[in-house]
Amino acid sequence: MQASPLSFRTRSGRARLYQLALAAALIALAIGAAITTRHNLEARQIRSGFGFLAEPAGFDIGEGPVPYTPQDSYLWAFLAGLGNTLRVAAAGVVLSTLLGTVIGLGRLSRNALARWLCTAYVEVLRNVPLLVQLLAWYISVTELLPDAANPIRLLPHVYLSKSGLAYPTPVWARGWAFALAGLPLGLAATWALFRWARARRERTGHTPQVRWAALVVFLAIPALGWAIGGAPRALDVPEVTPFNVAGGGGVTPEFLALLLGLVGFTAAYVAEIVRSGVLAVPHGQTEAAAALGLTRRQALRLVLLPQALRVIVPPLTSQYLNLTKNSSLAVAIGYPDLVSIANTAINQNGQALECIVIIMGVYLFVNLVTALGMGVYNRRVALVER
Amino acid sequence: MSEPLPTPVRKGGVAGWLRRNLFGNPASAVATVLLGAALAWAVPRALHWTLTGAVFRADEAACRALGHHAACWGFVAEKHRLILFGRYPYEEQWRPLVATALVLAMLVATAFPRLWRRWILSAWAVVLAVFLFLMGGGALGLSRVDPGEWGGLPLTVLLTAVAMTASIPLGVLLALGRRSTLPLARTLASTYVELVRGVPLITVLFVASFVFPLILPQGLPLSGLARICIAMTLFEAAYLAEVVRGGLQALPRGQYEAAASLGLGYWQTQRRVILPQALVLVIPSFVNSLLSTFMDTSLVTVVSMYDLTGSLRLALGDPRWRGFFLEGYLFVAGIYFVSCLALSRYSQWLERRLGGWARRTREARA
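Those protein sequences? They're chains E and P, same order as listed. Take the position in the first sequence, starting the count at 1, then add 1; the result is the number in my numbering. Take the position in the second sequence, starting the count at 1, then add 107; the result is the number in my numbering.
Careful, some of the hints might be misleading.
[To be verified] Label-pair ranges, simulated between beta-carbon atoms:
no.: 1; chain 1: E; residue 1: A16; chain 2: P; residue 2: V237; range: 48 to 58 Å
no.: 2; chain 1: E; residue 1: L184; chain 2: P; residue 2: T159; range: 50 to 60 Å
no.: 3; chain 1: E; residue 1: R199; chain 2: P; residue 2: L154; range: 34 to 44 Å
no.: 4; chain 1: E; residue 1: D237; chain 2: P; residue 2: A218; range: 56 to 66 Å
no.: 5; chain 1: E; residue 1: L109; chain 2: P; residue 2: A153; range: 46 to 56 Å
no.: 6; chain 1: E; residue 1: A383; chain 2: P; residue 2: P359; range: 23 to 33 Å
By construction, these hints were calculated from the structure, which means they are not laboratory data. None of these values were measured; they are calculated from a predicted model. We put the beta carbon where it would ideally sit given N, CA and C, even for glycine.
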């Protein structure tokens, strides 16, 4: 006798029944939540839907790469917040990679003092919550640094004070636009040069030394653009006035504290990743490279680094993602990142559901893009097995 | 033919160690001199700042006289009750003290692998119930204290304990779901885990404080604390699911096949064969999750709860003492640091010990 597709007597029938029950329970839960939400929203007179995004936000955002005024829409405010998140994340990724690499290699140093100091750094920074570190940095920046009227002069025309860091920036002119346009051209030319060197090596067996030539080409094309554009030399230099530091470019104390906290914390994790990556390459590889007659530098570049990077890059990427997610702690010190903007928006119009959907969506999108990129990278570096 | 190499230098003893580790080559020698000079400059000053020059009494005038050239631990002496217990009623603070000590004692007991028996789960349930009763009161002569007034270290401990214990069953279910043969269960579990792991904890806490009140029926009496506990549990469960999944994947297929050949069903197989082995394998990772949960709880400060971090900010609200924030942060950071270091060292010890255990069982089986 043919059993019914929804029978308890067959395994597949049970599987279908369980899944039906699960689906029914979830749908019931979702409908219930939807009904109560609607009821609650009506009771509190909160609107729903994403229509609010087009309306003027009305609140101010202190800083950021995206030009913004309170008359701009909520959508634009969210974009300004995203710009701030990406700005601090980008700076954090670069700096924590540099610091983390130094400390990770320091833990492998032959010098015991360097080893101990780097180990102490990693242990302390990893075992104190990031939020505590951030708050400590922020209160230190705002309380310990002098007033803007008599700032600390770090370098000529670079001032550090309670109001943040001020530094000279070039005044925008046509020459800078040309230089910026020259950058991708310089990159392309450098790439072509390396390709030529490689083809030449494969054809003749000689390796042309193009490293310096490449650097010159890379810098010369933007410099040429700058010169053609009229060689602008004007700088916007910050000046100390009796009241504050005026002019120039700068970052706020909030940005500074967030960056310091994120970099210090993430560098400890990066250091551990770098250390384990280096340790993952067996010593025999160094010896084999030496036996082939490679110089130390060649061995490092051609044999050791590619193998270490295969171990290092995947966890490093997830640390970069963590840094980006951790930048949401900005809300605790008032740096206007995406989450802070959403928080302000929720407090203004009560549309919590929509605002949280937006921030979660953005973070998930960033994750997805990174995961796709990692997939491509992993396929490229994966061991080719027989 | 080349010359024979010179006899290797004997490298024993203190001198040999110093030679290898501090003056192994010119670069190392330079580093030793530079770092040594920096330490010789910094260490005496740090010692003076923290200990010899510091004021330990809650004496504001003496602290001001220091001019920040040495630490004023008087801030901690004055405010330690506020930092440790938050806004809990002052006369009743023995209750959170006893409750927290109880949980910590239970934690220490759990650290001994010899005591890993079934009854320890029940013991945890009892301890948590006693903790909640001591904190909340309302019977047996204890006055009632609203959860809104709980704070400081007890709140941190409570959030960690609840999030951790409650996320175990959910995490196990999610891990089983991700490896299930039912496509719907697999999709749901995977989506949930990836979704939660992709967003920052702050957004989940925002969901707890802004969205929960909207989607839950209005009659449901759910305090802010309960909402945060639920959110932390939902968040940590996603991470725990990945930990458990690692353990499940480490088990050989033969275990499933052996269970099937004994005629065990799905749940019997999981409960009697798979989970007992998989969960023991992941205990070290589990301790690491406990560590990160403990640190994560500091984020509840952002949604206006006064855990250890939050009540420090409360204490710093006093303008008379605000200048001594560095001492306050060092005190709180010290508590986190000592706890986390102990946990991570314990996890490493356990890993070595269980590693030996896993090896022995493998060898016994072979």
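Hints versus structure:
Distance hint for E:A16 and P:V237: a CB-CB separation of about 43 Å, inconsistent with the stated range 48 to 58 Å. Between E:L184 and P:T159, the C-beta spacing of about 56 Å keeps the proposed range 50 to 60 Å intact. Between E:R199 and P:L154 the C-beta distance comes to about 57 Å, which lies outside the given range of 34 to 44 Å. Range check, E:D237 to P:A218: about 60 Å between beta-carbon atoms, so the 56 to 66 Å window is met.
Separation of E:L109 from P:A153 is about 26 Å and departs from the stated range, judged on CB atoms against 46 to 56 Å. For the pair E:A383 and P:P359, the supplied restraint of 23 to 33 Å holds, since their beta-carbon distance comes to about 25 Å.
In this structure, the earlier hints numbered 1, 3, 5 are contradicted, and the remaining ones agree with it.
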